[in-house]
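Chemist: Chain residues, written in single-letter form:
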Amino acid sequence: MPANKKYLTKSPWIKLSKLLAGSVGGYLVTVSFHAALTRIFPKEYVMVTSFITGYLLWATLLLVAYLIPQAWKTWAIYVVLIGICSGVYFI
Amino acid sequence: MNNRKYNIYFNTHTISGIIICAILYVMFFAGSFSFFKDDLASWQKNESYSSNQAVVKKDFNYILDSLAKHHTLKGRDFDLTLQRHQTGVYVSMTASHDPIVQKLKKPKKKPEGRRGRGRGRGGDDDSAFFTYDFSKQQEADYASSYTIGEFLYRLHFLAQLNQVFPFRIGVPFGYMLAGIVSFIFLFALITGLLLHWDKLVSNFFTFRPWSKRKTIWTDLHTVLGVIGFPYQLVFAVTGIVLIFNSFLIIPYTKLFYKGNEEKIYQDLGYGVKSEFAYANKPLSTPFDINRLVTQTEQKWQRSDISLIAIRNYGDVNMHVVIQGKPHTDAQLNGQGELIFRMRDQTILAERTPLAAPSYTQTVRGLIYHLHFGDFGGRPLQVIYFVLGILGCIVINSGVMIWLVARDNKNIPARKRTFNFWTANVYISSSLSMLPVTAFTMIVLLLLNKPGQSDIYHWFFYSWLALGVYFLVRKDLALVNRQSIFLSMVTCFLLPVADGLLRGNWFWNTFNREAYNILFIDVLFLCLSLVSGVILWKLEQKKRTQSSSVQLNDRVGQLGVA
Chain E
0 MPANKKYLTK
10 SPWIKLSKLL
20 AGSVGGYLVT
30 VSFHAALTRI
40 FPKEYVMVTS
50 FITGYLLWAT
60 LLLVAYLIPQ
70 AWKTWAIYVV
80 LIGICSGVYF
90 I
Chain U
0 MNNRKYNIYF
10 NTHTISGIII
20 CAILYVMFFA
30 GSFSFFKDDL
40 ASWQKNESYS
50 SNQAVVKKDF
60 NYILDSLAKH
70 HTLKGRDFDL
80 TLQRHQTGVY
90 VSMTASHDPI
100 VQKLKKPKKK
110 PEGRRGRGRG
120 RGGDDDSAFF
130 TYDFSKQQEA
140 DYASSYTIGE
150 FLYRLHFLAQ
160 LNQVFPFRIG
170 VPFGYMLAGI
180 VSFIFLFALI
190 TGLLLHWDKL
200 VSNFFTFRPW
210 SKRKTIWTDL
220 HTVLGVIGFP
230 YQLVFAVTGI
240 VLIFNSFLII
250 PYTKLFYKGN
260 EEKIYQDLGY
270 GVKSEFAYAN
280 KPLSTPFDIN
290 RLVTQTEQKW
300 QRSDISLIAI
310 RNYGDVNMHV
320 VIQGKPHTDA
330 QLNGQGELIF
340 RMRDQTILAE
350 RTPLAAPSYT
360 QTVRGLIYHL
370 HFGDFGGRPL
380 QVIYFVLGIL
390 GCIVINSGVM
400 IWLVARDNKN
410 IPARKRTFNF
420 WTANVYISSS
430 LSMLPVTAFT
440 MIVLLLLNKP
450 GQSDIYHWFF
460 YSWLALGVYF
470 LVRKDLALVN
480 RQSIFLSMVT
490 CFLLPVADGL
500 LRGNWFWNTF
510 NREAYNILFI
520 DVLFLCLSLV
530 SGVILWKLEQ
540 KKRTQSSSVQ
550 LNDRVGQLGV
560 A
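Protein sequences, first through last, are from chains E and U.
Sequence positions in the first sequence follow numbering that gives the first Met the number 0 and run 0 to 90.
Sequence positions in the second sequence follow numbering that gives the first Met the number 0 and run 0 to 560.
Since the hints were derived computationally from the structure, they do not count as laboratory data.
These numbers come from a predicted model, not from an experiment.
Mixed in with the good hints, there may be bad ones.
What the hints assert, rightly or not - Have a look at the derived ranges for each label pair, beta carbon to beta carbon:
hint, chain 1, residue 1, chain 2, residue 2, range
1, E, L18, U, G450, 41 to 47 angstroms
2, U, V529, E, V23, 43 to 49 angstroms
3, U, Y460, E, P1, 33 to 39 angstroms
For each residue, glycine too, the CB sits at the ideal point set by N, CA and C.
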């Protein structure tokens, strides 16, 4: 039994938007989050830890992009997160 | 879990799984055999390391002396990286820091002066890179030392696909594909676990092998997926890190190191971190690298030397840095380093391999050891192998669930044809891998000194032939039966052929303590037995069911159901 279509996104554009938000957006959140962590911990430690946590976080964010019903909300949340993390890193 | 979430997990799990199934199967299959890479190599060459325990003398002075015949060594840096459990050393020699030697090199540019596999960076035309084999006392020739073990090992991260494009795309295509597939695999693992979360315990104890076909595959997929989950999660994550960590390394290099790649790798603990200035004054005291290495080896018990780095050869400020790694039964992670100054023969800094490892070393070591499974000897390797093969079964059953779920009357015929062919291509190419591997290995016994191209030709062409044959039969059940039959025959013939052609019967290899060769023969005999039992069970079941088979239960065949 394939998944019930009732609960899935129908528009191909929104599907694409969700995929991009999850993969590209999620990736940028992952990188900026770990970059922000280097302000607290030594960067060698953050880098080597992120070899494990980074990929897990990225894959989770990809899934979260599908769980949030509206694609624009995902974008908004991820952009805010990227903004906060890169703010912490650059300031 | 509400219905919406459940269906999203379901859909993302299905789609990510079906995209990667074929490549992931190849990676799991070849990767499982790669645990026995060294055994496969010694099987093919008929040289067992365990029977030939004579210690190979590692003469580093000789390598330097032979390099000195073609190059002026003064002022150069050397990195001698020793291969684990093998007799080879990877030698890299940089251009000289000495201004006189730098000028000297230009007029005499002999073609044989450059050696190695062209990994030199642009501009450094006086550098050299090559692998030296101590057991043969000569430069190792990569193509002729290529074995089926190396082939399967490289196949499992798709190295053979690197040359697939005639133009350069900036990164090795095969590695990148392997990295992307590992990431999608990680995603599929997470969604798969969440999908089964509510019924994790009850489904784990459900196995209904004699009811409908779909339930067999569903139960198989769920139970083996749950058992194998920790293992597969470890391999998904460590796999990405080991083959395509560029996802993270590239942004980190840009952000933290302003693009300086050498620096980031030094900070992560690769190579030698210390830097030594070139003094431009000749060194008067004599030096002996071999003696220094032997002394260090004696001092560092239960460890192996992993790297010997020479800086500023023949200069007053000449230093030798020796790094070592502990044996995994002594300590899992750790790295020793000794810095030796030549002019006054003093040790400037020393840290033994058994000292408590740094955080960076621990994490990197864990990633490495968990992926290679080299910390528990033979029993652990076998467990890893079995779990890897179970992974293949999870992938296969997943594809079958996908096909069966889409095989009913309210799905348009065009779509069903497409689905069938997707599954047909997948099942035909994946199930033909075991017989093709065993067949290729038998052929290698018959060839005289088979090299890289022989392995490529025999493996890929026989795979193509068998795959196409299975494809045109258009019957998945038949493909299943015939591939198991072929696996049984070829895996059985492998130890027999080894016995007939080389006298390597089980008792002979056992007597001469050639355990590596014995292991491969026994492994394939076991695979043959397992295939035989499965085939027997299939036939038995077919006989009891032949009267009651209903057409609409026969999926995986075009035109019926």
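Chemist: Against each hint, give a clear statement of whether it holds in the structure.
Modeler: Cross-check of the supplied hints:
Distance hint for L18 (chain E) and G450 (chain U): a CB-CB separation of about 44 angstroms, consistent with the stated range 41 to 47 angstroms. A hinted range of 43 to 49 angstroms holds for the C-beta pair V529 (chain U) and V23 (chain E), which are about 45 angstroms apart. Look at Y460 (chain U) against P1 (chain E): about 37 angstroms separates their beta carbons, and that is inside 33 to 39 angstroms.
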